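Join the two chains, each given in its own frame, into one complex according to the hints.
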Amino acid sequence: MTLALYVASGSPVHRVPAGVKLALLAAGSLLLFVFASWPVVLGGLAVVLLVGLGLAGLPSAVLWQQARAVLWVLLALLVVHVLVDGWRVGLTEGGLAVTRLLTLVLAAAVVTATSRVSEMVEVVERVCSPLRVFGVRPARIGLLVAMTLRFIPVISERAARIREAQAARGGTGRGPRAQARIVVPLLVQVLVLAHTLAEALDARGADSEA
Amino acid sequence: MRRRRSASDGSTAPAAAADPARGIELRDVGHAYGERTVLTDLTVTLHEQRVGVVGANGSGKSTLARLLNGLVLPTSGEVLVDGLSTATELRAVRRRVGFVFQDPDAQIVHPTVAEDVAYGLQNQGVPPAERATRVAEALVRFGLDGHADHPAHLLSGGQKQLLAIAGVVVMRPHRIVFDEPTTLLDLLNTRRIADLITSLDERVVVVTHDLDLLTDFDRVLVVDRGRIAADDAPAPALAAYRALMDARR
Numbered sequence: 016m017t018l019a020l021y022v023a024s025g026s027p028v029h030r031v032p033a034g035v036k037l038a039l040l041a042a043g044s045l046l047l048f049v050f051a052s053w054p055v056v057l058g059g060l061a062v063v064l065l066v067g068l069g070l071a072g073l074p075s076a077v078l079w080q081q082a083r084a085v086l087w088v089l090l091a092l093l094v095v096h097v098l099v100d101g102w103r104v105g106l107t108e109g110g111l112a113v114t115r116l117l118t119l120v121l122a123a124a125v126v127t128a129t130s131r132v133s134e135m136v137e138v139v140e141r142v143c144s145p146l147r148v149f150g151v152r153p154a155r156i157g158l159l160v161a162m163t164l165r166f167i168p169v170i171s172e173r174a175a176r177i178r179e180a181q182a183a184r185g186g187t188g189r190g191p192r193a194q195a196r197i198v199v200p201l202l203v204q205v206l207v208l209a210h211t212l213a214e215a216l217d218a219r220g221a222d223s224e225a
Numbered sequence: 472m473r474r475r476r477s478a479s480d481g482s483t484a485p486a487a488a489a490d491p492a493r494g495i496e497l498r499d500v501g502h503a504y505g506e507r508t509v510l511t512d513l514t515v516t517l518h519e520q521r522v523g524v525v526g527a528n529g530s531g532k533s534t535l536a537r538l539l540n541g542l543v544l545p546t547s548g549e550v551l552v553d554g555l556s557t558a559t560e561l562r563a564v565r566r567r568v569g570f571v572f573q574d575p576d577a578q579i580v581h582p583t584v585a586e587d588v589a590y591g592l593q594n595q596g597v598p599p600a601e602r603a604t605r606v607a608e609a610l611v612r613f614g615l616d617g618h619a620d621h622p623a624h625l626l627s628g629g630q631k632q633l634l635a636i637a638g639v640v641v642m643r644p645h646r647i648v649f650d651e652p653t654t655l656l657d658l659l660n661t662r663r664i665a666d667l668i669t670s671l672d673e674r675v676v677v678v679t680h681d682l683d684l685l686t687d688f689d690r691v692l693v694v695d696r697g698r699i700a701a702d703d704a705p706a707p708a709l710a711a712y713r714a715l716m717d718a719r720r
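Line order of the protein sequences matches chains A and B.
For the first sequence, my numbering assigns the number 16 to the initial residue and increments by one for each residue that follows.
For the second sequence, my numbering assigns the number 472 to the initial residue and increments by one for each residue that follows.
Next comes chain B alone, as it looks inside the complex (with noise of 0.2 Å):
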């Protein structure tokens, strides 16, 4: 996957004011890997609490989530987030999107519950006693009090996602993106996350091919070859995603 910085970041230039009010908007965005394109002309812009986004595998729908924070700059078009451009105000845009991957070993960086969960807020220059305090909230909020010195690799996968979110959460993102946040996890722990994600105060768009978790969701995505297929409420654009895939059978 394709990875770039823009000339401007790392500046110390302030950055742009943000404005909370334009939401998330992609205008005539797209990506390709070198010849292979995988999103062409997109242009949406996204304001509402809960946003999914389904497609088939390869549609587009996971480099769509990357797009949303800058993992992943437009190789045409741009995406602003508050009014921010990923490409040219990259860290006040990852200031105010957190991202949640699919396998939560590959995001923990640090051996133990606690340090890892502190990782981001040192990084974000917290000072070390509301570093601890903020810490201790997020593991509490996310039951895993119990485990704070715990190796994060002794955790269970529930236990490993949740401290995934919880590494997200407590840098106090405005939008958090998911992507497949319950592709690896059982049934008792993929509810226990869908409950979470509901009860987050942030904004989300969730990446996902669990199509119950987005029932009650505001808006659903369907991306099907690098466009999108149908953007409605989560009844039709769902039925629409299945109507897609029985015709492709």
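Bound conformation, chain A alone (with noise of 0.2 Å):
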């Protein structure tokens, strides 16, 4: 599994502050709820089109892996609909959620593949620093964001190669039993990892952090 982390380039978007993308993210994803309608979803997903792909210069397998991730959802949310609304009203009222949903993720994705991990922490850790007065060290939850990016692969990866293991030994892996027996040793695997991660943490100084 592989995240769109960031994408290496010195476009205009890529030059923009992570915290004035990430604002703009969410006032459009308001725009999007506010204003439901054809020609603003449309026209929000040409927008991200034109910036990621365009002005950013984001190779288009970054946006449709972000989209490919997504697209048993919106299958199903376009299903939902249908079965609820309808043939006519499902696929119009559907379409247009789907659509809306899509366009969310690709710009999310856009706002990830051209700004730095640790742009987006400095972000999150402004963005928290009010909470300092109630005990809270906004640099711990940056640490956070940064750890669960970076651990979502690997974990991914270890559960892979459990799976692999589990299937050389004649495990199906398929099916919800497969599943359950890969959570037991992944589980261990996992409280492993956090342990030595503790460790590291404590070796590269994570105490003097502010």
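Everything labelled a hint here was simulated from the structure, so no lab data went into it.
Computed from a predicted model, the values in this text were never measured in an experiment.
Be a bit skeptical, because a hint or two may be false.
[Unchecked claim] Just so you have them, the derived chain A footprint on chain B, three or more residues with Cβ under 8 Å:
hint	stretch
1	607-618
2	631-642
[Said to hold, decoys possible] Distance windows between CB atoms, simulated:
hint	chain 1	residue 1	chain 2	residue 2	range
3	B	492	A	74	49 to 59 Å
4	A	203	B	696	20 to 30 Å
5	B	625	A	152	25 to 35 Å
6	A	61	B	599	29 to 39 Å
7	A	183	B	529	23 to 33 Å
8	B	599	A	183	32 to 42 Å
9	A	148	B	670	32 to 42 Å
Ideal Cβ positions, reconstructed from N, Cα and C, are used throughout, including at glycine.
Below you can see the structure in the form of structure tokens.
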């Protein structure tokens, strides 16, 4: 599994501060929900594609990867709309909801692919800084965000290795039972990983952070 | 594994002055995890540039490595690094002693290469401009300069270990402890890491099962059942280790 992390480039979109991009993403999301009509949603999608593929110069594979990840969810959403509202209304309303969600997913992908994680972490820390009065340490929240992004592919890879090991010994690797058999060994591996990670954070001076 | 923080850890009191001439001193050190004793009455002083530690699985060598920068504190005796106690001067000790783990995936914290190398410097409060310079230098030194913005999880095993070492070396510790740094690597990457360790200016302590790695070292300790079974130059120490293992077959 690969996350659409930063795609290095010196494009104008890359040079826009991460905080501005995140604010625009939030405002755009709000706009799409408040003015939910085909012209607005299709216009939004066009802008996202123009910014992502045109201005930022991102490879189309980066956006396609993100769209593919939510394809089944979008399809399920469309089916639910059709079942609830009937063919004609369901397709129209469901199509609008699906296009809107796809636009948001692609917009978020453009932001993550054009912003370094450290910049986004800085934004998170700035946003969380008022919480200091409640004893919250913004640097810890920023680190949490960075580590979440870092360890999703690592844990996903370990799950794949367990699945392979089980398949090599005759496991089917399919169905809910096979999935359940992965949970315990994966949990054990994740706990061991977490323990070593805690040691590594100590060794690299995490104690000293603000 | 038990991890403790000393009472003075985190205090703002000035650290005691370090004296590099004293090296790493273990005085009557013992360590137990609950009822299970893993190290007993270790007394040894390490002054050499390159020290190797070998021993069978479960012999206590990884615990010994973790004692050297305070990841584990002794349950008896004391560990002094350049005269600083790991129990009372933990932060100062950790600034002086870097630690490289066996599994690089468990110590790479940030999603991309350059950001991960910068992490330790950020914790040390190094200003952004200097941080950027030092990160760039480290990436060039470790052959990762073409991967600065590359996702860490897409690196090869050897590159991940290089990144892990870069993340430690960039913090400019005086000593670096390596816990089985080549165990997960192929022959080519094992040789690369071995050459890198040999070229480091910092004093190193390397815990390993790769006996070839230690042949040019200054000193090798053989740990067996929680005690030091041999402490000598590489050739006689490794011969003693082989004889010990042969006797157990």
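Q) Should the hint that residue 625 (chain B) and residue 152 (chain A) are 25 to 35 Å apart at their CB atoms be regarded as holding? A) holds (31 Å)
Q | Range agreement (Cβ of residue 670 (chain B) with Cβ of residue 148 (chain A), hint 32 to 42 Å) | A | Cβ of residue 148 (chain A) to Cβ of residue 670 (chain B): about 49 Å, so the range 32 to 42 Å is violated.
Q.
Taking beta carbons only, do three or more residues of the stretch 607-618 of chain B come closer than 8 Å to chain A?
A. Since 0 is below three, the answer is violated.
Q | residue 599 (chain B) and residue 61 (chain A) - C-beta distance against the hinted 29 to 39 Å | A | holds (37 Å)
Q. Holds or violated: the stretch 631-642 of chain B covered by chain A, criterion of 3 or more residues with Cβ-Cβ distance under 8 Å?
A. With 3 residues in contact (Cβ-Cβ under 8 Å with chain A), the coverage given for the stretch 631-642 of chain B holds.
Q. At the C-beta level, are residue 599 (chain B) and residue 183 (chain A) separated by a distance inside 32 to 42 Å?
A. violated (48 Å)
Q. Do the beta carbons of residue 183 (chain A) and residue 529 (chain B) sit within 23 to 33 Å of each other?
A. holds (27 Å)
Q. Per the hint of 49 to 59 Å, is the separation of the Cβ atoms of residue 492 (chain B) and residue 74 (chain A) within bounds?
A. Given range 49 to 59 Å: holds, Cβ gap about 56 Å.
Q. At the C-beta level, are residue 203 (chain A) and residue 696 (chain B) separated by a distance inside 20 to 30 Å?
A. holds (27 Å)
Comparing the model with each numbered hint stated earlier shows that hints 1, 8 and 9 do not hold.
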